[in-house]
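Chemist: Sequence lines, in order, name chains W, S and A. Under the working numbering, the first residue of the first sequence carries the number 1, and numbering increases by one thereafter. Under the working numbering, the first residue of the second sequence carries the number 1, and numbering increases by one thereafter. Under the working numbering, the first residue of the third sequence carries the number 1, and numbering increases by one thereafter.
Hints are supplied without guarantee of correctness; some may be wrong.
Claimed, not checked - These stretches of chain A come out as covered by chain W in the derived footprint (C-beta under 8 Å, 3 or more residues):
(1) 177 to 187
(2) 190 to 199
(3) 206 to 219
To be verified - Below, in silico cross-link-like pairs of lysine to any residue (SDA-like), each with a Cα-Cα straight-line distance of 25 Å or less:
(4) S:73 / S:143
(5) S:226 / A:73
(6) S:226 / A:144
(7) S:215 / S:333
(8) S:226 / A:140
(9) S:130 / W:43
(10) S:255 / A:58
(11) S:226 / A:136
(12) S:130 / W:63
(13) S:73 / W:52
(14) S:205 / S:186
(15) S:216 / S:331
(16) S:130 / W:55
(17) S:309 / S:130
(18) S:309 / S:109
(19) S:333 / A:76
Said to hold, decoys possible - Short, incomplete list of chain A residues facing chain W, as computed with Cβ under 7 Å:
(20) 111
(21) 114
(22) 174
(23) 203
(24) 337
(25) 340
(26) 348
No lab work stands behind these hints: they were computed from the structure. The beta-carbon is built from N, C-alpha and C at its ideal position, and this holds for glycine as well.
This is what each chain is made of:
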Amino acid sequence: MTELDFGRRIHRIGPHSRPFLLVDGLSARLCTALWVGIVLLAVFAVFSGSAQISPAEALSALVGQGDDYTNMVVLEWRAPRILMAVLLGACLAMSGAIFQNLTGNPLGSPDVIGFQTGSYTGALIVMLLIGGGSVETMIAALIGGIVTAFLVFLLSSKQGSVRGVRLIIVGIGVSAMLASVNVWILLTATVEDAIMASLWGAGNLSGVSWSTFAAAFVGSAVFIVAAIALSRPMRLLQIGTPFATALGQNVRAVQVSAIVVGIGLTALATATVGPISFIALAAPQIARRLVRSDGLALGPTAAVGALLLLLADVVAQRIHPDSPLPVGIVTVSIGGLYFLWLLLREGKKR
Amino acid sequence: MLQLRRSPSAERLVFAVLRRSSLAVLVAASALLLASCASTGAAPEQSAGSGGGVTLEHPSIDGLAIDFDAQPKNIVMDCYAYSSLHEYGVEPVALFGYECDNPFVMGDADISDIEVVGTDGEIDVEKLAKLRPDAIIGQGTADGWNWFDEDVNAQITRVAPFVPLPSSETIEGRIADTREIADFFGGDVASEAIVQSDEDLEQAKQAFSDAITDKKLNLMLTSPAKEMLYTGVGFAQAELLEELGATIVGADAPKTGNPWGQVAWEDASTYPADILLVEGYSEDFSFSSELWDALPAVQADQLGAWSSKGAMTASTYAAWLNDVAALVSSSTKVS
Amino acid sequence: MPSQPTASVSAPNTSLSGADPRASAASNSSRRRWIGLIPLALLCLAALASSMLVGSRSLPPADVVHVLLHPDPADAISQTVWLSRVPRTVLVLVAGAALGVAGALMQAVTRNPMTDPGILGVNAGASLAVVVGLAFFGMTDISQYMWWSFAGAMITSVLVFMIGNTGSARGNPVRMTLSGVALGAVLSGFSSAVLLSNSEVLQKMRGWSAGTTASQPLDATLAIVPFIVAGLILAMLSSRSLDLLSLGEASAVAMGAHPNRIRIVALVAIALLAGGATAAAGPIGFLGLLAPHIARMIVGPHQGWILAYSVLIAPTVMGFADVLGRVITAGEVPVGVVTAFIGAPVLIYMVRRFRVSEV
Chain W
1 MTELDFGRRI
11 HRIGPHSRPF
21 LLVDGLSARL
31 CTALWVGIVL
41 LAVFAVFSGS
51 AQISPAEALS
61 ALVGQGDDYT
71 NMVVLEWRAP
81 RILMAVLLGA
91 CLAMSGAIFQ
101 NLTGNPLGSP
111 DVIGFQTGSY
121 TGALIVMLLI
131 GGGSVETMIA
141 ALIGGIVTAF
151 LVFLLSSKQG
161 SVRGVRLIIV
171 GIGVSAMLAS
181 VNVWILLTAT
191 VEDAIMASLW
201 GAGNLSGVSW
211 STFAAAFVGS
221 AVFIVAAIAL
231 SRPMRLLQIG
241 TPFATALGQN
251 VRAVQVSAIV
261 VGIGLTALAT
271 ATVGPISFIA
281 LAAPQIARRL
291 VRSDGLALGP
301 TAAVGALLLL
311 LADVVAQRIH
321 PDSPLPVGIV
331 TVSIGGLYFL
341 WLLLREGKKR
Chain S
1 MLQLRRSPSA
11 ERLVFAVLRR
21 SSLAVLVAAS
31 ALLLASCAST
41 GAAPEQSAGS
51 GGGVTLEHPS
61 IDGLAIDFDA
71 QPKNIVMDCY
81 AYSSLHEYGV
91 EPVALFGYEC
101 DNPFVMGDAD
111 ISDIEVVGTD
121 GEIDVEKLAK
131 LRPDAIIGQG
141 TADGWNWFDE
151 DVNAQITRVA
161 PFVPLPSSET
171 IEGRIADTRE
181 IADFFGGDVA
191 SEAIVQSDED
201 LEQAKQAFSD
211 AITDKKLNLM
221 LTSPAKEMLY
231 TGVGFAQAEL
241 LEELGATIVG
251 ADAPKTGNPW
261 GQVAWEDAST
271 YPADILLVEG
281 YSEDFSFSSE
291 LWDALPAVQA
301 DQLGAWSSKG
311 AMTASTYAAW
321 LNDVAALVSS
331 STKVS
Chain A
1 MPSQPTASVS
11 APNTSLSGAD
21 PRASAASNSS
31 RRRWIGLIPL
41 ALLCLAALAS
51 SMLVGSRSLP
61 PADVVHVLLH
71 PDPADAISQT
81 VWLSRVPRTV
91 LVLVAGAALG
101 VAGALMQAVT
111 RNPMTDPGIL
121 GVNAGASLAV
131 VVGLAFFGMT
141 DISQYMWWSF
151 AGAMITSVLV
161 FMIGNTGSAR
171 GNPVRMTLSG
181 VALGAVLSGF
191 SSAVLLSNSE
201 VLQKMRGWSA
211 GTTASQPLDA
221 TLAIVPFIVA
231 GLILAMLSSR
241 SLDLLSLGEA
251 SAVAMGAHPN
261 RIRIVALVAI
271 ALLAGGATAA
281 AGPIGFLGLL
291 APHIARMIVG
301 PHQGWILAYS
311 VLIAPTVMGF
321 ADVLGRVITA
331 GEVPVGVVTA
341 FIGAPVLIYM
351 VRRFRVSEV
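In isolation and in its complexed conformation, chain W is listed as follows (with noise of 0.2 Å):
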């Protein structure tokens, strides 16, 4: 049988002439060392922090064997926080691949477009007007998240079919009117609970508990699932209408369960811990770049997700002696680093 040369090198995984899959080197080796650094990142997080654990401590309470100080600080508060940044950032950053591929365009990322805007209309309107709990926090956001992504789905659609640019123009204005009701409903509110509020919509991963974090695993676990199960077709989808159309595919069930497991993803992830942007926007373009590929890698964005999110975390926990930062404000940063970079190769290429 001839030996196709894909130009770098792939693994076969199964017998030789008809392997079940087909894994690129590249991305294996990168998604290696990315997960290793998370890893590392994770282990940094799990031993250091302002409670000045020492490592003997902080291990004798991974292994079971710690006192209640150290089992609660290690357990109970690092170890589901540090595993909720990764899970989320793995989530936000797959959502924006989606979303990125179905709209062709790589700027087209959920929280660009304004998904997220929706579930913070729906907490605010649970914290600040009607006074509710976490749990119904959570509801809320959910709601208006998927309500918010409906309503931009049916008023960008025109005689069935939904076209990119239409889904990007209309997201951008739907999300404007939501943000407008949000400032008025802050606007409201006395100044303590408009902070409180502020501090959700940054998106804040504290008060992360093995609850919240079993919740949004499971949750997520489905979608997971299922953009994995899409990859695939997604990435067939890219060479076009027409000829995935002739090879058998079914483009419309396609894209209608990309949307809905792009959508689900954030909306998941704002829910459990508020809007955070521009892991959605940047993850996807960097794992790109660093697979040198074209079309969707869900596997290196994920864990370039995953790894930005941790990272933005460590950092907006320990950046200010006083009081932690929420880390949507660090991950906005990374959105203005993206944007300088994007300048500069811009600025090259002329």
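Chain W is fixed; fit chains S and A onto it per the hints.
Modeler: Relative to chain W, chains S and A alone:
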């Protein structure tokens, strides 16, 4: 002092399993072997209310009894609590919360050597835990601080019991309840200065009462902002003044949410106020807007201070009432 | 009417029989444009008048007119009118015109109909500069922080233009819009960061950052007028060149224009206009989108006329929006919130109705 929260054993088992499987990733990758099976979860339960413990029966929240294993020594407070309690000599090991740099709330207390574990709505729970506090006092409810979300409150109450500041209806009630709390935490509530401040308060009340019956002026409690004028009708401070004979004008608060009344600037002059009490008023008061400056009370410079969240002590309110009484005496009807 | 109108062009229907169709059509449409200004000016006056007459405090119109003619500093009604209604109306006129023209310029320079200073993040950049000035440099007077606003608007416009219109993204309007939106999100994120760590400044800036006509006294508004006027003049002067630019860069160069020079002048004008308006009224979005579009629907793709019509249309919309905000609830709704509510549905309608060209 750590207080263990009750949690059903089934939940603990699930979390213990979860912990183990997720931690395997961390530990394995850091190249250490998780040889033995970890014991199921955390340390043995501490029996609550063991011998030698003390209990605080909260003065204003019915039925709230907070147990401590021993007399609490290390206390973390929010700055509102600090302003009320440090007069009795109750000193915290750390502060958090809003307005820690507002001289109006903090008085002339020097807090530069007190550690800060959080500003405004944020808190560093690990820093808090490191201090091993015995109690956390602040504005809030039995569930926790007013402006942390549920999850963060769950974390801080895991570290130490949270004692909410009293929220009784009247100022006198709050002063008395705050004193009870100060007493519980070892403050000196019977010193000469405190006794004197009680007398001062009675005198101040009388002085204000006299001044106001003499002059019959309208007062409005305000907090002006560029976008609108907020009024404090229905606040405990307003009720206190009303009890003493004053007429309070202003917009009522909306039914839900914000306790402040909201007045558009155009309507500001429809409330006939001879004296305006401004939240946080001081010599460097710098708010100015056209319609504010045009109010008759502002033009006559009949402005005074008040605070909706200042220190709840007799001495603070004695001083305040005296100031307001003096202002009333020197003011005339302008509205 | 051409079928399938694209979003960037909408030609007026000039069908006249007779001798030289082009000449008479041209003079007819020119005359029509002049005549069209009249009802528009009247509508604008109506909006400004309603801004004078309507507010949270209901005053009989006769009284308002009376105190306008006979100001009495001690009278409450006179104070309400002179200290609140008049400054707000002047601000509506000045900021509205500024934002409308800034939007028209932006659409011309970027050759993208879906832009305005709010969407492209210019307002966010200006307001970040103001917030930084207030928080870290203690500026309290508009005459101080308006310079920050100008600088912020200028830098952001240049950035958006460079990111969105060069290299691989050249000529792709959607790419530019997205760059602007994302950049705006970054800049407002920075604003939030500054405000969240500085609760005093947050308290002061809350109302302003929603976009409001109520926060400036009259002399503050008048302080930015010279800059707005300068911006308007620059805009008018470059209208011809912008028409050339809309034909495409190659054609423009062939006709002797210097595209980069035109762009720089236009960007300076945008910075003055958007920066000035934001300094006075806070970031207000969608006016710069709506006004030029309505103008274009009436007069066609003639930049000079679009600018002239925008100068009238934008204050009209802003005036009615502000009045609506005053009466709709007990405490007022800031005008920035109302314009978003009006403008966003229009944007959505536009994108549904017209095919947006994507290169």
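Chemist: Which of the listed hints are not met by the structure?
Modeler: 14, 17 and 20
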